[in-house]
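Number of protein chains: 2
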Amino acid sequence: MTEAGLWCERELGYRFENPDFLARALTHRSAGGKHNERLEFLGDAILGFAIAEALHQALPEADEGHLSRLRASLVRGETLAELANDLSLGQQIKLGSGELKSGGFRRESILADALEALIGAVYLDGDLPAARALIQRLYEGRLKNLPPPEQLKDPKTRLQELLQGRGLPTPDYEMELVEGEKHKQTFTVACRVPALDTHTRGRGSSRRRAEQGAARKMLAEIGGD
Amino acid sequence: MTEAGLWCERELGYRFENPDFLARALTHRSAGGKHNERLEFLGDAILGFAIAEALHQALPEADEGHLSRLRASLVRGETLAELANDLSLGQQIKLGSGELKSGGFRRESILADALEALIGAVYLDGDLPAARALIQRLYEGRLKNLPPPEQLKDPKTRLQELLQGRGLPTPDYEMELVEGEKHKQTFTVACRVPALDTHTRGRGSSRRRAEQGAARKMLAEIGGD
Numbered sequence: 001m002t003e004a005g006l007w008c009e010r011e012l013g014y015r016f017e018n019p020d021f022l023a024r025a026l027t028h029r030s031a032g033g034k035h036n037e038r039l040e041f042l043g044d045a046i047l048g049f050a051i052a053e054a055l056h057q058a059l060p061e062a063d064e065g066h067l068s069r070l071r072a073s074l075v076r077g078e079t080l081a082e083l084a085n086d087l088s089l090g091q092q093i094k095l096g097s098g099e100l101k102s103g104g105f106r107r108e109s110i111l112a113d114a115l116e117a118l119i120g121a122v123y124l125d126g127d128l129p130a131a132r133a134l135i136q137r138l139y140e141g142r143l144k145n146l147p148p149p150e151q152l153k154d155p156k157t158r159l160q161e162l163l164q165g166r167g168l169p170t171p172d173y174e175m176e177l178v179e180g181e182k183h184k185q186t187f188t189v190a191c192r193v194p195a196l197d198t199h200t201r202g203r204g205s206s207r208r209r210a211e212q213g214a215a216r217k218m219l220a221e222i223g224g225d
Numbered sequence: 001m002t003e004a005g006l007w008c009e010r011e012l013g014y015r016f017e018n019p020d021f022l023a024r025a026l027t028h029r030s031a032g033g034k035h036n037e038r039l040e041f042l043g044d045a046i047l048g049f050a051i052a053e054a055l056h057q058a059l060p061e062a063d064e065g066h067l068s069r070l071r072a073s074l075v076r077g078e079t080l081a082e083l084a085n086d087l088s089l090g091q092q093i094k095l096g097s098g099e100l101k102s103g104g105f106r107r108e109s110i111l112a113d114a115l116e117a118l119i120g121a122v123y124l125d126g127d128l129p130a131a132r133a134l135i136q137r138l139y140e141g142r143l144k145n146l147p148p149p150e151q152l153k154d155p156k157t158r159l160q161e162l163l164q165g166r167g168l169p170t171p172d173y174e175m176e177l178v179e180g181e182k183h184k185q186t187f188t189v190a191c192r193v194p195a196l197d198t199h200t201r202g203r204g205s206s207r208r209r210a211e212q213g214a215a216r217k218m219l220a221e222i223g224g225d
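Here the protein sequences line up with chains P and G, keeping their order.
Letter by letter, the first sequence follows residues 1 to 225 of our numbering.
Letter by letter, the second sequence follows residues 1 to 225 of our numbering.
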């Protein structure tokens, strides 16, 4: 068996009938040849379904908003990259020479995509129960320790959901002011909801924090809190 | 059998073992009591998976971007509402009195959500093959006549994907100017990509058209076209 095959059996508990599926799942586009993007497309959909079903079963009293936020937190790139790191997946991925040097976000998305591709590969090589078993193994700890609703609340997300629920377009965020020296800056961001002809401002030590603050004020203003 | 049960058998080709699932799938939140939002959450995930799998099989040469755009076009609210209209689903939905009077977008999303809830209900009442058979029946015509890649290209989507691929935040769109009389207005929208310190402008007879124009120019400017 190949080294990747041994790794897969040890870490994912799955032995491939057709090792081509495994090789493809571990090949990033930058390596040239047959890469993992189509498998990632399929794996992403299987993961979304399996996690939705697991949450629907595990939380019979939870409303749709809570289930959706939980699902988003479990299938987002950051979480997938953490799971991939626990498996030392990075060492198995075939990359082009340019990508080998890149770090940060690129690396996180490469790991997340490869993990989704592995789910797709197990589904095609095996069947849905095999893919579900892999997802169950990956998410066992997280599904047993689901965060409470408050911990999932993010003002920008809540604002967007609230506006969508009212049939309105998403808000605009605009950076209005950056003050202070480098690495000690304060940002001021405006949040606008044109359809409601109103705006709020948020300040913070990062663009993200300023936006979340502006979204929080908007929620208070339009009655979403 | 209830009237809804007869409708379901005739239009969806499915007979419920447990009619409570059907009743719940057809009950909008506004009607009070047990409503269809949790079923919608589950049905949305099943639909996403089934369509991804169907596209992956039907188009063995298509790249991930094309598959993703096709999937998005097939599962978006507008498409679901069209499918629901073909089934006269609206007449079967139980709504609260307030919602009965609302039109337009609200109605579209109520239809789309109820159709997803029906998929979830068939899955829980039956099994995955039953839900897949329903999805196959609903999408048969559309899966046989998939639009070509060009027809799916939407500048805003392409710009967002390009920026995400480069690890950058999504662009901001801001309405700058509205000219002309009511019903004959021209909109001017700015598209900003703060991380690249650049902006473009688009004009059009609707906000959407102006945004798409601005996104098209931004794609040209940053080398995405």
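By construction, these hints were calculated from the structure, which means they are not laboratory data.
Check before you lean on any hint, since a few could be wrong.
Copies of the same chain look alike in the list, so a pair counts if it works inside one copy or between any two.
[As the list claims (entries may be wrong)] Simulated crosslink set (SDA-like; lysine to any residue; CA at most 25 Å straight-line):
hint, residue 1, residue 2
1, Lys217, Arg142
2, Lys94, Val193
3, Lys217, Met175
4, Lys34, Ala54
5, Lys156, Tyr14
6, Lys217, Gly90
7, Lys156, Thr170
8, Lys156, Ala62
9, Lys144, Gly223
10, Lys153, Arg201
11, Lys94, Asp63
Structure-based check of all given hints:
no. : hint              : verdict
1   : Lys217 <-> Arg142 : neither (32 Å within a copy, 43 Å between copies)
2   : Lys94 <-> Val193  : neither (45 Å within a copy, 31 Å between copies)
3   : Lys217 <-> Met175 : both (16 Å within a copy, 22 Å between copies)
4   : Lys34 <-> Ala54   : between (32 Å within a copy, 21 Å between copies)
5   : Lys156 <-> Tyr14  : neither (39 Å within a copy, 40 Å between copies)
6   : Lys217 <-> Gly90  : neither (41 Å within a copy, 37 Å between copies)
7   : Lys156 <-> Thr170 : both (10 Å within a copy, 14 Å between copies)
8   : Lys156 <-> Ala62  : within (21 Å within a copy, 34 Å between copies)
9   : Lys144 <-> Gly223 : neither (34 Å within a copy, 46 Å between copies)
10  : Lys153 <-> Arg201 : within (19 Å within a copy, 34 Å between copies)
11  : Lys94 <-> Asp63   : between (41 Å within a copy, 19 Å between copies)
When held up to the earlier numbered hints, the structure conflicts with 1, 2, 5, 6 and 9 and fits the remainder.
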